[in-house]
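Chains as they are written, first to last, in this note's numbering: chain D, 1 to 278; chain P, 1 to 278.
You may find that some hints are simply not true.
[To be verified] Partial list, derived from the structure: chain P residues whose beta carbon lies under 7 Å from chain D:
| no. | residue |
| --- | --- |
| 1 | Asn46 |
| 2 | Arg47 |
| 3 | Ser48 |
| 4 | Thr51 |
| 5 | Pro147 |
| 6 | Leu148 |
| 7 | Pro151 |
| 8 | Glu155 |
| 9 | Ala161 |
| 10 | Ala162 |
| 11 | Ala165 |
| 12 | Ile166 |
| 13 | Asp239 |
| 14 | Thr241 |
[What the hints assert, rightly or not] Residues on chain D that point at chain P, a partial pick, calculated with CB under 7 Å:
| no. | residue |
| --- | --- |
| 15 | Asn46 |
| 16 | Arg47 |
| 17 | Ser48 |
| 18 | Thr51 |
| 19 | Pro147 |
| 20 | Leu148 |
| 21 | Pro151 |
| 22 | Glu155 |
| 23 | Ala161 |
| 24 | Ala162 |
| 25 | Ala165 |
| 26 | Ile166 |
| 27 | Asp239 |
| 28 | Thr241 |
I should point out that these hints are in silico values taken from the structure, not numbers from a laboratory.
Bear in mind that the values here come from a model prediction, so they are computed numbers and not experimental data.
Glycine included, each C-beta is placed from N, C-alpha and C at the ideal position.
2 protein chains.
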Amino acid sequence: MSTDPRPIGVFDSGIGGLTVLKHLARRLPHERFVYLGDTARVPYGNRSDETVRLYAQQCAEFLLKHDVKMIVVACNTVSAVAMDHLRAFVPVPVVSVIEPAAAEAAAATRNQHIGVIGTRATIGSDAYAKAIQRSAASAFVHSRACPLFVPLVEEGWLDTAATRAIAEEYLRPLQAQEIDTLVLGCTHYPLLAPVLHDLLPGVHLIDCGACTAAEAARVLESTDEVAAEIPRMDLYVTDVTPSFTTLARQFLGMPVDDPVVVSLEALTLNSVRQGGRP
Amino acid sequence: MSTDPRPIGVFDSGIGGLTVLKHLARRLPHERFVYLGDTARVPYGNRSDETVRLYAQQCAEFLLKHDVKMIVVACNTVSAVAMDHLRAFVPVPVVSVIEPAAAEAAAATRNQHIGVIGTRATIGSDAYAKAIQRSAASAFVHSRACPLFVPLVEEGWLDTAATRAIAEEYLRPLQAQEIDTLVLGCTHYPLLAPVLHDLLPGVHLIDCGACTAAEAARVLESTDEVAAEIPRMDLYVTDVTPSFTTLARQFLGMPVDDPVVVSLEALTLNSVRQGGRP
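Starting from the given sequences, assemble the full structure and let the hints guide the process.
As structure tokens, then:
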């Protein structure tokens, strides 16, 4: 059985993707990872689709320069609007966070009522609903944008009275639809899982990070490209702020080294808008 | 008395600065305004100081190309960390949102206990406390970062149970200090004024937009540069999203024309980091 020592590239608009990297590192313990968080331009969720595609392209180009064997798009917004664009020019497999979680939800539901929560951009794209219905045509998908969940997590308010009041407000319509499965369609949301579990007893919560890691492992195993290296994580960000280390540690579930800062000038050099001049 | 027909330039990291533009347009009804919202890179509040200074410089350079006679920095983060940098190269008066509100708070307090609320970046900079103490050396300044207020306003949750729960949590330490004056140190916060009034009865709320408009008028009147034009507002943004028109109308207090989109490439062309190559 052959192995492939090249690293796996992972990128996100910010640090939320570290919850995906956590699952990747657990599921693929002998791999090297290169993670890029575009923290100078986070959040992508309120940018236009064209801008998101340009930023995603720049992140992918950065990872390709690191000779990655696969790119994991650990960002729901990019997964929702830029996968076709990325796959058209990236010469290695590109794994999204949406397709694996959608397939898992379709397999898990018993009553065919699946809830999806995410940022306004992810929900507005309808990408989860479409992907779920490709696996389970008869499923009813009930979607709800929860824009306050990311700032709540970043504030560290994982289980306060306000967190519960906001979650109750957001989840009420999903409870009324009697969903039995809920896709956490944002990389920040797993940190709210305890509150969500309390408010939705018996509902199966699907963490897009865990599903994505399983899909990445499946792709690598199918092509004999799993590595047998000493594990390693190289973290790059486009901007660094005082809260980085605290949040990163919480998201990744382990201590992190200081990240390397990549300038936006370096990231955007030689990159052009889709349809622009070469 | 001479007049100056050149427009007043106003910029913000996003659309929050429209609450400042609203007061400017009321206070100076015969002026033309050019507003730039850097919506492709909002929020500035979680960028490093160096990055904020670079972005602010690029916004100011854009406005100078429109031959403005004054620049109003309608962004608390920029006002907190980049005023010296801007004033060093901008050849027209530059008005911040912090200094006028700080002076107003110092004049308004009776018991010398002043509260300041803002984003984490603004509060972390201590810029309001320093500015207040320049006017009132004996004042006690009690500051509190309220990072969830901006997403609450942008979600349109101006007065929900969750909004009140969050506001109560944030304001509790300020209530305990018996403040009699509270500076709303973020351009989004005036939209939460009704809830803040309820929770802090009798406390004088200071809107940085109103103070800034008064200061801009004072500067123009002192140099006979007030205009006598047909009023006009030209809105530029670096990215446009579906919620723009709704939020902009709410912030500005009147209907808005569609904004002109300026590409980031155009904004950043020829601009270099502080200390970089000329």
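How the hints compare with the structure:
1. Asn46: Since the shortest Cβ distance to chain D is 5 Å, the answer is holds.
2. Arg47: Where the cut-off is 7 Å and the nearest Cβ of chain D is about 5 Å from Arg47 (chain P), the hint holds.
3. Ser48: Cβ of Ser48 (chain P) sits 6 Å from chain D, so the hint holds.
4. Thr51: holds, 5 Å
5. Pro147: Status holds, d = 5 Å.
6. Leu148: holds, 5 Å
7. Pro151: This interface hint holds because 4 Å falls under the 7 Å limit.
8. Glu155: holds, 5 Å
9. Ala161: Ala161 (chain P) check passes; min Cβ-Cβ to chain D is 5 Å, inside 7 Å.
10. Ala162: holds, 4 Å
11. Ala165: The hint holds - Ala165 (chain P) has a Cβ within 7 Å of chain D, the shortest such distance being about 4 Å.
12. Ile166: It holds, given that the least Cβ distance between Ile166 (chain P) and chain D is near 4 Å, below 7 Å.
13. Asp239: holds, 5 Å
14. Thr241: holds, 5 Å
15. Asn46: holds, 5 Å
16. Arg47: holds, 5 Å
17. Ser48: holds, 6 Å
18. Thr51: The hint holds - Thr51 (chain D) has a Cβ within 7 Å of chain P, the shortest such distance being about 5 Å.
19. Pro147: Result: holds, 5 Å to nearest chain P Cβ.
20. Leu148: holds, 5 Å
21. Pro151: Nearest chain P Cβ about 4 Å off; hint holds.
22. Glu155: holds, 5 Å
23. Ala161: holds, 5 Å
24. Ala162: At 4 Å from the nearest chain P Cβ, Ala162 (chain D) passes the 7 Å test, so the hint holds.
25. Ala165: holds, 4 Å
26. Ile166: At about 4 Å, which falls below the 7 Å cut-off, the nearest Cβ of chain P leaves the hint on Ile166 (chain D) intact, so it holds.
27. Asp239: holds, 5 Å
28. Thr241: It holds, given that the least Cβ distance between Thr241 (chain D) and chain P is near 5 Å, below 7 Å.
The structure fails none of the hints (numbered hints given earlier).
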